[in-house]
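Participant: Listed below are the residues making up each chain.
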Amino acid sequence: MKLINKKNMLGFLAVILTYAIAGFLIDKGFIDSYIFLNIVLIGINIILAVSLNLITGFTGQFSLGHAAFMSIGAYTSGILTAKLGLPFWVGILGAALLAAVAGIIIGIPTLRLKGDYLAIATLGFGEIVKIIGLNTDYIGGATGLNDIPRYTTWTWLYFCVVVTVLLISNFIKSYKGRACISIGEDEIAAEAMGVNTTYYKVLAFTLGSFFAGIAGALYANYFYFIKPDSFGFMKSIDILVIVVFGGMASIKGSILGAVLLSLISLFLQGIPELRMVVYAVILFLIMVYRPQGIIGKGEFKLFKKRGGLNANNQSK
Amino acid sequence: MPIIKVNNLSKAFGGVKAVSNINMSVEAGEIAGIIGPNGAGKTTFFNLLTGIYTPTSGEVIYNLERKISSKSFKPYKMTGYGVARTFQNIRLFKNMSVLDNVLIGCHNNMSYGLLSSLLHLPAFRRSEAKAYDEAIKLLDIFGLADKKDEPASKLPYGEQRKVEIARALAAKPKLLLLDEPAAGMNPNETKELTKLISWIKDEFKLTIILIEHDMSLVMGICSKIFVFDYGNLIASGTPTEVQNNEQVIKAYLGGE
Amino acid sequence: MEQLIQQLVNGVSLGSIYALIALGYTMVYGIINLINFAHGDIYMIGAYIGFALTTFLHLGFFPALILSMLLTSMLGMVIEKVAYKPIRKSTRIAALITAISVSLFLEYGMMYFVKPETRTFPEVLPNKQISIFNTSAVLDIKNIYILVVTITLMLILQYVIYKTKVGKAMRAVSLDSDAAQLMGIDINKTISYTFAIGSALAGAAGVLVGSYYNSINPLMGVVPGLKAFVAAVIGGIGVIPGAVLGGFFLGFTETLVSAFGGSLYKDAVAFAVLILVLLIKPKGLLGRNIREKV
Ligand SMILES: Nc1ncnc2c1ncn2[C@@H]1O[C@H](COP(=O)(O)OP(=O)(O)OP(=O)(O)O)[C@@H](O)[C@H]1O
Ligand SMILES: [Mg+2]
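Residue numbers (the numbering used here), protein chains in the order written: chain H, 1 to 316; chain U, 1 to 256; chain B, 1 to 294.
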């Protein structure tokens with residue numbers, strides 16, 4: 001538990017070096033705008049996947065509405081930077097805070113639900129956010145919000161990714177994070193050991209939403225233009241797929257999963273007509289042959305076998 | 001003054017009266033045993049004592065740090081009140097390390113803030129270091145310190161039961177509830193566990209209530225025994241009294 | 001007032017469609033605890049089969065309906081065998097993602113073969129409208145077709161589930177699959193039949209919607225699929241009468257919201273109702289609450 005040791009130092013060096021080298025390559029034009037666009041997407045997906053992993057992988061709460069928090073972040077930053085002309089850091093912070101507040105508001109009532117039911121409720125919430133977005137003229141309705149300044153640079157992107165990964169990794173090593181993991185493992189035992197499960201579920205949900213909001217801000221301020229449809233149910237599924245593909249409750253897995261799946265979809269763009277069909281087949285094969293993900297850690301609660309309808313009364 | 005007092009406690013599931021009209025009390029420093037045939041309502045009784053079920057009628061009153069009635073029970077508040085338990089069907093956090101399992105037991109005694117959690121500020125390091133030492137000490141007692149980094153599910157059954165007890169002790173309870181601690185253990189392990197239970201009772205100044213089918217354990221360390229049958233408390237007393245009670249003999253030797 | 005009556009009529013039709021699709025969701029969930037996200041796409045394929053049969057083979061409404069139900073039920077069984085059987089023992093999330101992959105496969109596979117554009121379904125139902133109580137509200141004959149077909153199918157389903165051996169096996173497996181197996185029930189066959197029946201109902205809904213709205217496209221199953229699923233959950237997923245109740249409940253809610261000028265928000269209201277119902281009755285209106293034993 002020492003602050004500075006060899007491993008920490010090496011990690012720190014690697015982080016700085018990656019930043020400097022990539023920054024240099026971008027500056028000198030070795031990384032062109034097309035590659036950079038994909039780097040931005042990978043970075044955003046890492047933030048989304050790591051933050052959803054906190055909710056679903058570690059805390060075991062099945063969410064199908066993560067994209068909604070991203071969208072809240074994207075619109076918040078869009079409004080703050082485009083409409084109000086505020087600097088990017090205000091946009092990011094506002095995005096994160098508003099998404100977090102939404103996380104609290106949604107989390108408190110819905111996190112009483114379990115398993116599939118929670119998944120459905122969060123899905124419903126995501127759709128509601130989308131529909132409200134579609135019908136709100138101030139933010140452009142269905143046509144979307146335009147002319148958002150492009151503030152997302154390599155530095156901002158890298159900084160946000162590193163901060164997200166670092167803070168969430170730190171969090172899960174704290175007693176609060178342990179409490180969250182224990183809920184994912186066995187809610188009844190966690191409660192019996194003094195863990196206020198409602199509080200920690202909401203905490204995980206709020207933190208996850210906070211970072212999803214940051215991802216939204218980075219997205220909005222890179223693509224100039226956002227519309228509610230970009231943050232629908234399928235986007236939430238995409239994030240969940242990264243988490244499962246990478247490995248539940250594995251931060252490294254989420255990072256790796258985000259990179260690999262972004263690369264896969266990059267290659268699939270070569271066959272536009274069959275892109276989604278091939279993607280579907282790949283998903284299917286992963287679920288059949290590697291359901292525990294690249295870095296799978298074994299049987300988690302949500303990973304529990306389903307059995308029959310009576311699955312929840314045979315636990316004696 | 002009894003540390004726990006149970007008044008007319010009942011719990012029904014639909015038509016099944018799993019626990020009916022129980023009156024009992026246990027004094028501080030005792031080891032009390034609960035015995036009875038399968039389905040007698042023993043585990044349900046524990047669930048009532050720990051807020052997992054709410055009574056259909058009657059109440060439980062603890063005289064621990066302060067007086068608490070079952071009206072204010074909530075599962076997650078029980079360790080704070082000074083009551084910790086283990087489960088009949090071992091409920092460890094399977095994918096977490098043995099050490100982390102015990103550290104969850106320390107949960108209530110840790111309190112640094114969110115910022116310390118996210119940034120690993122000094123408060124984090126102080127509190128974690130202290131909890132780590134406590135956890136290791138407990139694991140040492142159960143001879144499990146060298147397995148601290150293994151996932152709990154990889155341990156043999158008997159050791160998992162010990163981890164669960166260590167986890168409960170980490171919460172620094174005054175009252176420890178053990179649901180069949182020796183289930184699945186061989187006679188040697190049971191003997192060792194029997195000694196260990198009475199040792200930790202003295203060492204940590206506990207009151208213990210345990211449910212057990214193994215008579216050698218129950219008769220060996222319990223000063224008081226309660227016998228359940230079909231949800232009713234049919235007898236209570238010292239081991240000798242209970243052993244010679246006719247109703248108890250009937251309940252055990254075929255009341256079919 | 002007239003508008004209200006009109007919307008109630010629409011509500012019955014919409015509710016019937018939701019109920020038909022919801023039944024398949026609920027039956028599959030009841031038996032293997034799987035949210036079959038591909039179910040809405042079976043409905044879409046049912047509509048396309050109906051379209052092909054009426055357009056190219058010039059079949060009438062009823063032959064097309066029955067043939068389409070037959071073909072979708074076979075499709076349902078194939079999907080179960082190929083995609084869901086390998087993951088039957090798998091985890092909730094893996095199962096959910098598998099179902100989504102099947103859904104994407106059907107949607108975009110269809111898009112590849114039939115092209116993304118909207119097709120016009122031929123007029124196979126009589127186009128006649130009756131004024132209700134001499135008001136300006138009208139009852140389209142098509143509404144009656146939808147209601148009659150739906151009720152007939154539900155009665156048949158009721159008979160199958162409660163009176164036939166297959167139905168009894170289905171109920172037994174959904175109650176306790178291990179015990180059912182011990183009693184000598186062939187689990188695989190039962191699951192297969194469940195998919196067949198559920199898919200046939202979705203196929204029927206597809207043909208009904210095609211001939212009612214006269215337009216179909218490869219992504220037409222996504223929203224009704226999601227809604228029907230919401231309906232099944234509102235009614236209590238796994239509970240068959242719940243699917244019917246939820247379907248009509250949702251149909252009426254949506255048309256009422258539209259009647260009062262909130263048509264842009266009707267989907268949002270549907271999901272809000274879902275969340276509300278779950279918060280008040282976590283297992284749906286007719287679902288049973290089962291507590292975890294400790
Ligand atoms: N959550 C529940 N819902 C319905 N019935 C329950 C529930 N929990 C316990 N029961 C019933 O209450 C009765 C008592 O069960 P309990 O588990 O308390 O017995 P026990 O004495 O602990 O038995 P064992 O020695 O087998 O552990 C049984 O008939 C059981 O089926
Ligand atoms: Mg028991």
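A portion of the hints provided could be inaccurate.
Stated by the list, open to error - With a straight-line Cα cutoff of 27 angstroms, these simulated DSSO-like cross-link-like pairs (lysine-lysine) come out: (1) U:Lys172 / H:Lys173; (2) B:Lys163 / H:Lys114; (3) U:Lys172 / U:Lys130.
To be verified - Simulated coverage check for chain H against chain B, where a stretch passes if three residues somewhere in it have a Cβ under 8 angstroms from a Cβ of chain B: (4) 115 to 122; (5) 234 to 241; (6) 252 to 263; (7) 267 to 280.
As the list claims (entries may be wrong) - What follows is a set of in silico ranges between Cβ atoms, one per label pair, in the way DEER data are often shown: (8) U:Lys154 / H:Leu263: 49 to 59 angstroms; (9) U:Lys154 / H:Leu260: 27 to 37 angstroms; (10) U:Ala123 / H:Met9: 32 to 42 angstroms; (11) H:Val162 / U:Lys130: 53 to 63 angstroms; (12) U:Thr54 / H:Val278: 48 to 58 angstroms; (13) H:Val278 / U:Ser97: 35 to 45 angstroms; (14) U:Leu119 / H:Tyr19: 13 to 23 angstroms; (15) B:Ile280 / H:Val101: 18 to 28 angstroms; (16) B:Glu117 / H:Leu263: 28 to 38 angstroms; (17) H:Val101 / U:Arg126: 23 to 33 angstroms; (18) U:Glu241 / B:Ile161: 18 to 28 angstroms; (19) U:Asp133 / B:Ile280: 42 to 52 angstroms.
These are calculated hints, taken from the structure and not from any lab test. Quick reminder that beta carbons are idealized off the backbone N, C-alpha and C, glycines included.
Participant: A separate judgement is required for each hint: does it hold in the structure or not?
Facilitator: Status of each hint after checking the structure:
A hinted pair counts as satisfied when its Cα atoms are at most 27 angstroms apart, and lysine 172 of chain U with lysine 173 of chain H qualifies at roughly 22 angstroms. Between the alpha carbons of lysine 163 of chain B and lysine 114 of chain H the distance comes to roughly 34 angstroms, so the proposed pair goes past 27 angstroms and is violated. Distance check on the hinted pair: lysine 172 of chain U and lysine 130 of chain U sit about 14 angstroms apart at the alpha-carbon level, within 27 angstroms; holds. Residue count for the region 115 to 122 of chain H with a Cβ under 8 angstroms from a Cβ of chain B: 6. That meets the three needed, and the coverage hint holds.
Counting residues of the region 234 to 241 of chain H whose C-beta lies closer than 8 angstroms to any C-beta of chain B gives 3; at least three are required, and the coverage claim holds. Judged by the Cβ-Cβ criterion of 8 angstroms, the region 252 to 263 of chain H is not covered by chain B as claimed, because only 0 of its residues qualify and three are needed. Taking a C-beta to C-beta cut-off of 8 angstroms, the region 267 to 280 of chain H contributes 7 residues in contact with chain B, enough for the three needed, and the coverage statement holds. Between lysine 154 of chain U and leucine 263 of chain H the C-beta distance comes to about 35 angstroms, which lies outside the given range of 49 to 59 angstroms.
At roughly 29 angstroms, the beta carbons of lysine 154 of chain U and leucine 260 of chain H sit within the given window of 27 to 37 angstroms. The hinted range of 32 to 42 angstroms is not satisfied by alanine 123 of chain U and methionine 9 of chain H, whose Cβ atoms lie roughly 24 angstroms apart. Distance hint check: the CB atoms of valine 162 of chain H and lysine 130 of chain U are about 30 angstroms apart, inconsistent with the given range 53 to 63 angstroms. Here the CB-CB span from threonine 54 of chain U to valine 278 of chain H is close to 54 angstroms, well matched to the stated 48 to 58 angstroms.
For the pair valine 278 of chain H and serine 97 of chain U, the beta carbons lie near 40 angstroms from each other, so the given range of 35 to 45 angstroms is met. Between leucine 119 of chain U and tyrosine 19 of chain H the C-beta distance comes to about 20 angstroms, which sits within the given range of 13 to 23 angstroms. Checking the proposed 18 to 28 angstroms range against isoleucine 280 of chain B and valine 101 of chain H shows it holds: the Cβ atoms sit about 24 angstroms from each other. Glutamate 117 of chain B and leucine 263 of chain H have their C-beta atoms about 32 angstroms apart, which keeps the hinted 28 to 38 angstroms range intact.
The hinted window of 23 to 33 angstroms between valine 101 of chain H and arginine 126 of chain U holds, with their beta carbons roughly 31 angstroms apart. Checking the proposed 18 to 28 angstroms range against glutamate 241 of chain U and isoleucine 161 of chain B shows it is violated: the Cβ atoms sit about 58 angstroms from each other. At about 47 angstroms, the beta-carbon gap between aspartate 133 of chain U and isoleucine 280 of chain B stays in the expected band of 42 to 52 angstroms.
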